[in-house]
Amino acid sequence: MAAVKLFAPVMSTAATRVVLCLEEVGAEYERVDIDLATGEHKSPAHLARNPFGQVPAFQDGDLVLFESRAIGRYVLRKFKSSDVDLLHGSSLEESAMVNVWLEVEAQQYDKAIFPIFFQVMVIPNIFHGVSDEKVIGENLEKLGRVLDVYEARLSQTKYLAGDFFSFADLSHYPITHFAIKFPQVAPLFEARPHVKAWWKSLESRPAVKKVAAKLPQLS
Amino acid sequence: MGGIKIYGMPTSTNTIRALAALNEKGLDYELVIVDLRTGAHKHPNFLALNPFGQIPVLEDGDVVLFESRAINRYIATKYAEAGPDLLLSGGTPAERAAVEIWLEVESQQFGPPIASLVFEALIKPMLVKATADEAIVEAQAAKLEKVLDVYEARLAQNKYLAGEHFTLVDLNHIPYTNYLLKTSKAALVTSRPHLLAWWKDVSARPAWVKTAAGIPF
Numbered sequence: 001m002a003a004v005k006l007f008a009p010v011m012s013t014a015a016t017r018v019v020l021c022l023e024e025v026g027a028e029y030e031r032v033d034i035d036l037a038t039g040e041h042k043s044p045a046h047l048a049r050n051p052f053g054q055v056p057a058f059q060d061g062d063l064v065l066f067e068s069r070a071i072g073r074y075v076l077r078k079f080k081s082s083d084v085d086l087l088h089g090s091s092l093e094e095s096a097m098v099n100v101w102l103e104v105e106a107q108q109y110d111k112a113i114f115p116i117f118f119q120v121m122v123i124p125n126i127f128h129g130v131s132d133e134k135v136i137g138e139n140l141e142k143l144g145r146v147l148d149v150y151e152a153r154l155s156q157t158k159y160l161a162g163d164f165f166s167f168a169d170l171s172h173y174p175i176t177h178f179a180i181k182f183p184q185v186a187p188l189f190e191a192r193p194h195v196k197a198w199w200k201s202l203e204s205r206p207a208v209k210k211v212a213a214k215l216p217q218l219s
Numbered sequence: 001m002g003g004i005k006i007y008g009m010p011t012s013t014n015t016i017r018a019l020a021a022l023n024e025k026g027l028d029y030e031l032v033i034v035d036l037r038t039g040a041h042k043h044p045n046f047l048a049l050n051p052f053g054q055i056p057v058l059e060d061g062d063v064v065l066f067e068s069r070a071i072n073r074y075i076a077t078k079y080a081e082a083g084p085d086l087l088l089s090g091g092t093p094a095e096r097a098a099v100e101i102w103l104e105v106e107s108q109q110f111g112p113p114i115a116s117l118v119f120e121a122l123i124k125p126m127l128v129k130a131t132a133d134e135a136i137v138e139a140q141a142a143k144l145e146k147v148l149d150v151y152e153a154r155l156a157q158n159k160y161l162a163g164e165h166f167t168l169v170d171l172n173h174i175p176y177t178n179y180l181l182k183t184s185k186a187a188l189v190t191s192r193p194h195l196l197a198w199w200k201d202v203s204a205r206p207a208w209v210k211t212a213a214g215i216p217f
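Heads up: the protein sequence lines correspond to chains R and A, in order.
For the first sequence, the working numbering assigns the number 1 to the initial residue and increments by one for each residue that follows.
For the second sequence, the working numbering assigns the number 1 to the initial residue and increments by one for each residue that follows.
Next up, chain A with everything else stripped away, as it sits in the complex:
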């Protein structure tokens, strides 16, 4: 049986998202480096794995998947018995519905502004040595403020985003939130007491501590 492989880079937020899920499940895997800086993601060998030329890709035996959120659903489903029940497969329809809703909220509301902000404020300066466009940072921060107001209200009523339990919803938010806290816009999180408490809780999980140790900055 071949082991699980993740094709990606240790600094890539979406790669980290998949590694975080594997670590929550206590699974062994190999990280195969696809270095975006060398254009490895546009190489025909890699495009055969992900025709969109993006990282991460998961290989688990014959299964090859791309899109980190789909990869994480697969990990949470196939390895449901290992570690926490990340999709609440044993839960009520109401509990599972809450997971589905807030997985989409991450994808549709939180994801776009935070990805844009983190790219501009952190990734771009670090990886391609260009200066951040402050207008973009401010515009995306303004969008993210409105989203995080909803999160603050949500977390005032619920310990975790989908309800009482830590789920894939929380996990999917961790990598970008981790990077946001390294930017000039960390106050987006630190100024919101329930959001900050949520962050302190989820980032203290041993699986995340292990994942974070592998991030080179």
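Here chain R stands alone, though its shape is the one from the complex:
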């Protein structure tokens, strides 16, 4: 059976979300680089995979998928086993909680942390521009409020969807891996003991360590 293929640069945090799922389930996969600097993501070949011209795209035989959270669900469902079931699809209530906290990641967490990541990391390093401190400040406040909710939640349950690890937790890893090192962001996690412990438990997972080791070091 041919391995699945992931089309994206190593830097892509969305691609890392998929790689984490593949590593957690132990699936064989190939990576194909998409060179953003030369506009390869807007090439006809890539637009045929992802009409929005974004990364990642994913291929499994004849099937082509895009949107990392959709690809992640596909991978976790296809390669689900009695040992690894990160969607908890066989329990209506548990899977509902996974879906709630996956939405929280997309709608609350990412909307606060991504602008910070973009201003602190992407603008200076990729666009050689100047960060907008006002945007950073506003989003740090937003992130703090989101993390207050997480702190309260994680003092009730070990992980976000319940006392079980799930895709909801894993989905937070890619961008947080970088952002938690920013001097503006680190204290937000340090100050919240349950959030801090939850992050440490994510970092200590074998699949996460394996993926983290391959991510670029950034200044």
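Be careful, since some hints might not be right.
With a Cα cut of at most 25 Å, we get these calculated SDA-like pairs of lysine to any residue [as the list claims (entries may be wrong)]:
no., chain 1, residue 1, chain 2, residue 2
1, A, Lys159, R, Gln59
2, R, Lys158, A, Lys146
3, R, Lys80, A, Thr92
4, A, Lys143, R, Ile123
5, A, Lys146, R, Gly39
6, A, Lys143, R, Ser43
7, R, Lys80, A, Lys146
8, R, Lys142, A, Arg37
9, A, Lys143, R, Phe118
10, A, Lys78, R, Phe164
11, A, Lys146, R, Gly53
12, A, Lys78, R, Leu87
13, R, Lys5, A, Glu95
14, A, Lys159, R, Phe164
The set of hints was computed from the structure by calculation and includes no laboratory data.
Mind docking chain A on chain R? Use the hints.
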């Protein structure tokens, strides 16, 4: 057995999203009003249901859920046998993958610009009586144009967004599209023939007609 409750407001797009799903399934429910204008969403009783202080919340027996897209997945899963199979649970892996992809497209590509545009052009003037910031409306409309070009191409090849069948994907798009058509930017939809045909089809569904009748403007 307690009935299904939705906590929200009849004008709130995300509340409407959940009501639309319940109506597609032919389910009875009670709408418990949480009026954002009075700050009811920040009251401790409500924060106990949704710690993010947002509407809607669904209560179905002991199950309490927030985030309208998660609520809709739950409704589509628990009540899969009632009405249309909104998540194509009986479909092929390819069909289910298409549903997952386009659910995310709604959430990641369509949702942010249309929510911003609708808030600025319709909600803000109506609910808080402030004038729309036209620069924001134009900027969000420009983003939405690019997204809707992809939708137009998609719907030229497929009757519905996930393929041949009406699914949760289409449903999740209805409430914001409905409001967009009440703004100065309705042409974003009406100028795109396949998108307009899709809209005429999905908005004619009896469940949507029932849901729309409950929207006070």
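We went through each hint and held it up to the structure:
no. : hint                   : in the structure
1   : Lys159/A with Gln59/R  : holds (24 Å)
2   : Lys158/R with Lys146/A : violated (41 Å)
3   : Lys80/R with Thr92/A   : holds (17 Å)
4   : Lys143/A with Ile123/R : holds (20 Å)
5   : Lys146/A with Gly39/R  : holds (17 Å)
6   : Lys143/A with Ser43/R  : holds (20 Å)
7   : Lys80/R with Lys146/A  : violated (36 Å)
8   : Lys142/R with Arg37/A  : holds (21 Å)
9   : Lys143/A with Phe118/R : holds (18 Å)
10  : Lys78/A with Phe164/R  : holds (21 Å)
11  : Lys146/A with Gly53/R  : holds (11 Å)
12  : Lys78/A with Leu87/R   : holds (15 Å)
13  : Lys5/R with Glu95/A    : holds (19 Å)
14  : Lys159/A with Phe164/R : violated (40 Å)
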